[in-house]
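Number of protein chains: 2
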Amino acid sequence: MPDLAINEELDWQERGLHYGDGLFETLLKLNGEIPLWQDHFQRLKKGCERLRIPLADENWLLRKVSRETSDQNSTVIKIIVTRGCGGRGLRLPAQNHSSIFVLKYAYTALADEDLALEVSMCQTRLPINRNLAGLKHLNRLDYVLAAIELENLGKKDEGILCDTDGFLVEGVISNLFFYRDGAMYTPTLEFAGVEGIMRECVIDYLRRHDIPVQVGRYSPELLLQAAECFMCNSVSGIRPIKAIDRQNYVTGPISQMLVNEFNPDVRSRPAATT
Amino acid sequence: MPDLAINEELDWQERGLHYGDGLFETLLKLNGEIPLWQDHFQRLKKGCERLRIPLADENWLLRKVSRETSDQNSTVIKIIVTRGCGGRGLRLPAQNHSSIFVLKYAYTALADEDLALEVSMCQTRLPINRNLAGLKHLNRLDYVLAAIELENLGKKDEGILCDTDGFLVEGVISNLFFYRDGAMYTPTLEFAGVEGIMRECVIDYLRRHDIPVQVGRYSPELLLQAAECFMCNSVSGIRPIKAIDRQNYVTGPISQMLVNEFNPDVRSRPAATT
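Chain order of the listed sequences is A and B.
Count the first sequence with our numbering and you get residues 1 to 274, in order.
Count the second sequence with our numbering and you get residues 1 to 274, in order.
Calculated directly from the structure, the hints in this document are not laboratory data.
There may be inaccurate statements among the hints.
Because identical chains share one entry, a pair is satisfied inside a single copy or across any pair of copies.
[Said to hold, decoys possible] Once the Cα atoms are required to be at most 30 Å apart in a straight line, the calculated DSSO-like pairs of lysine-lysine come out as: (1) Lys45 <-> Lys242; (2) Lys155 <-> Lys64; (3) Lys78 <-> Lys136; (4) Lys242 <-> Lys136; (5) Lys64 <-> Lys242; (6) Lys156 <-> Lys46; (7) Lys242 <-> Lys46; (8) Lys156 <-> Lys64.
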């Protein structure tokens with residue numbers, strides 16, 4: 001890759017620090033494999049294209065990830081890609097510059113009894129921003145404010161966020177699904193939110209199993225009438241919701257099916273039969 | 001300050017990098033003085049309160065700034081304050097943690113003939129976000145997109161940004177003022193934008209000189225009918241606008257008065273009389 005100057009060290013002029021000028025991926029390495037590598041790389045590539053950040057080629061990045069996590073059989077990997085270093089007053093650096101950082105965090109599989117979430121509807125609203133909607137970018141202050149709100153509520157596992165028009169978007173660190181009247185619903189991410197890899201896997205799985213999936217703008221009232229609902233991301237997998245504030249839910253059959261299909265701790269266990 | 005744990009080093013878990021979870025100030029040190037120190041510190045303090053980031057006391061910070069810029073008589077100083085290090089998945093660090101970084105950049109006074117700006121109306125829109133509006137926070141991706149747009153246009157000094165409702169907000173790195181029908185107008189920063197220190201100085205100065213200042217939501221059409229207009233920030237001071245796309249403007253008497261009053265290169269010259 002002669003044309004791309006990749007910075008791999010933290011620098012005081014790092015644009016990720018100064019402007020949040022970049023993207024990230026959070027991936028699971030499980031028993032030596034990164035099961036969703038292709039999906040993560042494709043999302044990163046698409047995000048870099050939208051933000052016009054040059055991206056290293058896939059093999060280079062996969063080698064870096066393998067090298068920097070080689071001491072861990074199972075771990076949570078965070079990849080940060082930015083527009084590199086430099087430029088006071090938002091002046092752009094040369095177009096062939098980027099930074100790529102790979103970090104790792106301990107992975108602990110959730111115990112079955114900790115899987116279901118107690119969540120709260122957040123007062124914090126996500127701004128409507130078509131330019132950045134869907135991207136897993138580094139500008140996460142709105143989510144930090146939601147995390148502060150959740151911390152002040154105490155003992156909540158997750159929060160559900162609406163946009164400034166009052167429509168459901170997602171959780172603080174996961175996407176949202178709810179089932180009612182024979183169809184699964186998930187909020188559109190056209191105006192705000194992050195296009196989750198696990199969300200895509202779930203939509204794809206449900207459609208292949210002839211369960212209709214609707215993607216749109218939904219009010220919180222619809223969610224409160226759901227028969228079952230869950231949140232998901234690519235590290236924790238599927239997490240049924242057991243309560244939204246004072247309203248309780250049971251883990252329904254579709255949520256359970258998806259838990260069995262997607263949860264890494266379930267997947268990594270020896271099969272029960274055969 | 002026994003209760004506050006201040007990090008002064010770059011760390012891989014720095015929340016400024018991971019989430020843009022912090023604020024910054026850009027200040028001018030001129031001939032050994034920081035003329036607007038109090039205003040910058042007060043804005044930083046207010047921003048930290050809104051984001052619930054603990055801030056070092058003023059003397060500690062001023063000593064750090066003095067120490068780290070002691071080799072420069074005139075320089076541009078950037079102070080970055082964040083919520084410190086740590087927390088995967090947006091988990092908050094201990095409440096008494098923060099990072100404070102002080103960086104410096106070369107200051108060059110603008111030549112008179114380079115002062116007036118050739119600007120463009122940007123297509124990039126700023127999202128409406130009351131939670132973050134006004135703050136000089138580290139989530140600057142919208143402005144990076146605007147800077148990319150400007151770069152693609154070529155040779156523009158600045159861009160004017162509207163919010164997603166189509167109302168004027170500010171420039172990419174400065175605030176905006178325009179004069180028409182006997183009053184000065186500047187966009188409100190209640191929905192988007194940065195509450196500039198120089199903007200406050202200008203509003204204060206104009207009101208003390210009995211020039212009415214209106215702060216509100218204005219359409220770009222009003223700006224195009226202005227008799228004079230300028231942009232400002234605390235490093236460059238007042239910069240008259242000489243053109244917005246194909247429309248030309250002259251540097252009017254009020255803009256000139258403000259240039260004389262506020263521009264550091266003018267201020268630092270020996271007085272013309274007495």
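So which hints don't hold here, by number, going up? Hints 1, 2, 5, 7 and 8 not satisfied by this model.
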